[in-house]
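Novice: Build the full structure now, drawing on both the sequences and the hints.
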Amino acid sequence: MGEVIVVTSGKGGVGKTTSTANIGTGLAMLEKKVVLIDTDIGLRNLDVVMGLENRIVYNLVDVIEGNCRIRNALIKDKRYPNLYLLPSAQTRDKTSVNPEQMSKLCDELKEEFDYILMDCPAGIEQGFKNAIAGADRALVVTTPEVSAVRDADRIIGLLEANEVDQTHLIVNRLRMDMVKRGDMMSSEDVCEILAVDLIGVVPDDENIVISTNQGEPLVGSDTMAGRAYMNICRRIVGEDVPFLDLNEKNNIFSKLFGKRRKY
Amino acid sequence: MGLLDYFKRRGTGSIAKDRLKLVLVSDRAGCSPEIMEQIKNDIIAVISKYIEIDQEGLDIKITQTDSETHNGSVPALFANIPIKDMKGSKK
Chain A
1 MGEVIVVTSG
11 KGGVGKTTST
21 ANIGTGLAML
31 EKKVVLIDTD
41 IGLRNLDVVM
51 GLENRIVYNL
61 VDVIEGNCRI
71 RNALIKDKRY
81 PNLYLLPSAQ
91 TRDKTSVNPE
101 QMSKLCDELK
111 EEFDYILMDC
121 PAGIEQGFKN
131 AIAGADRALV
141 VTTPEVSAVR
151 DADRIIGLLE
161 ANEVDQTHLI
171 VNRLRMDMVK
181 RGDMMSSEDV
191 CEILAVDLIG
201 VVPDDENIVI
211 STNQGEPLVG
221 SDTMAGRAYM
231 NICRRIVGED
241 VPFLDLNEKN
251 NIFSKLFGKR
261 RKY
Chain B
264 MGLLDYFKRR
274 GTGSIAKDRL
284 KLVLVSDRAG
294 CSPEIMEQIK
304 NDIIAVISKY
314 IEIDQEGLDI
324 KITQTDSETH
334 NGSVPALFAN
344 IPIKDMKGSK
354 K
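Respectively, the protein sequence lines represent chains A and B. Under the numbering used here, the first sequence has 62 at position 62, and the numbering climbs by one with no breaks. Under the numbering used here, the second sequence has 348 at position 85, and the numbering climbs by one with no breaks.
Incorrect hints may appear among the rest.
Said to hold, decoys possible - Mimicking DSS-like on lysine-lysine, the simulated pairs with C-alpha atoms at most 25 Å apart in a straight line are:
no.	chain 1	residue 1	chain 2	residue 2
1	B	K347	B	K324
2	A	K33	A	K110
3	A	K11	B	K284
4	B	K280	A	K180
5	A	K11	B	K280
6	B	K303	B	K324
7	A	K129	A	K110
8	A	K32	A	K76
9	A	K104	A	K180
10	A	K110	A	K11
11	B	K284	A	K180
12	B	K312	B	K347
To be clear, the hints were calculated from the coordinates, so they are not data collected in a lab. Predicted model only: the values in this text are computed from it and were never measured.
Specialist: Put into structure tokens, the structure is as follows:
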């Protein structure tokens, strides 16, 4: 029996889709059977981040409306045969689907997959309600900025109200240099404010842009963000991966041997 | 910016944290600035019946305070009401 995980944030542009793509791919690398669902109807993006935009035949709304079977709409990933994408519809809107239908779809997919990852749209309206309807747990993505953290707090409250039992926090796009000089909230600060458990910290890394340009998630690669996302995946499957002290990279040894950074 | 200013300068990260803490307390309590203004006006009306207060100096806000019963902090309505003069002194 699989687990449904919704990736959400409230605020747009903090990295929900990038996180969904990387975590989904990472879980597939850990040999789990994974399906990613883009629930952002009308603003389809997970397909391009995954590099699967040319293979779309049917979409989420087709499945919901019964125009095709689920298996016909699932797109197999380029690299991992146990990873699938259910793309969103580009020419419809959020009202094409309701929470009951999403919940039912999740239940069906749980039979076959270990993890069902829902890429949630920004906002707290219908699209959000659809995305969380069938969720067993949530990953809330935020950046260390006041607007993103405030919206994350609102989302966490709504998740609790909708009985999504387990909520974890991903602090994305952290810049250690700015934290060092006191000009950015640390992941600990954000965690303290939001009072939820941290599952990962992803440093600001230009490799993310490069990987998105190519449509190939960088999880597992020898980059800071790639390692950070892999650690998150391991924690999701229940491994105890320690959070390493990020300060260590600023001492003289890690400056000399700077490759050892982990998140 | 002088060297002294550099050392005195507080990182903007902690400013962000403090501002967020305050805004989230009122967000979580579901208390909009409009409602706070109404509460403030009502408090002025009630207390003014008995005591002359400095309406300009009155300040109310929702903050965190350490709880005696719970562990950690709980939200509290904090009001600072400067008194100008007691009406009809008790003598």
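Novice: Does each hint hold? Answer for all of them.
Specialist: Quick rundown of the hints versus the structure:
1. For the given pair, K347/B sits about 21 Å from K324/B by alpha-carbon distance, which is consistent with the 25 Å threshold.
2. Between K33/A and K110/A the alpha-carbon distance is near 10 Å, which keeps this suggested pair within the 25 Å criterion.
3. Simply put, K11/A and K284/B have alpha-carbon atoms about 18 Å apart, close enough for the 25 Å limit, and the pair holds.
4. Restraint check for K280/B and K180/A: satisfied, since their Cα atoms lie roughly 15 Å apart, inside the 25 Å limit.
5. Restraint check for K11/A and K280/B: the C-alpha separation of about 18 Å stays at or below 25 Å, so the hint holds.
6. The suggested pairing of K303/B with K324/B holds, with an alpha-carbon distance near 9 Å, which does not exceed 25 Å.
7. Proximity of K129/A to K110/A is assessed by CA-CA distance (about 19 Å); at most 25 Å being required, the pair is judged to hold.
8. A threshold of 25 Å between alpha carbons decides the hint, and for K32/A with K76/A the separation of about 14 Å falls inside it, so the pair holds.
9. Between K104/A and K180/A the CA atoms are separated by roughly 47 Å; this puts the pair beyond 25 Å, and the hint is violated.
10. Restraint check for K110/A and K11/A: not satisfied, since their Cα atoms lie roughly 28 Å apart, outside the 25 Å limit.
11. Using a Cα cut-off of 25 Å, the hinted pair K284/B and K180/A holds, with the two alpha carbons roughly 21 Å apart.
12. A C-alpha spacing of about 13 Å is found between K312/B and K347/B, which places the hinted pair at or below 25 Å, so the restraint holds.
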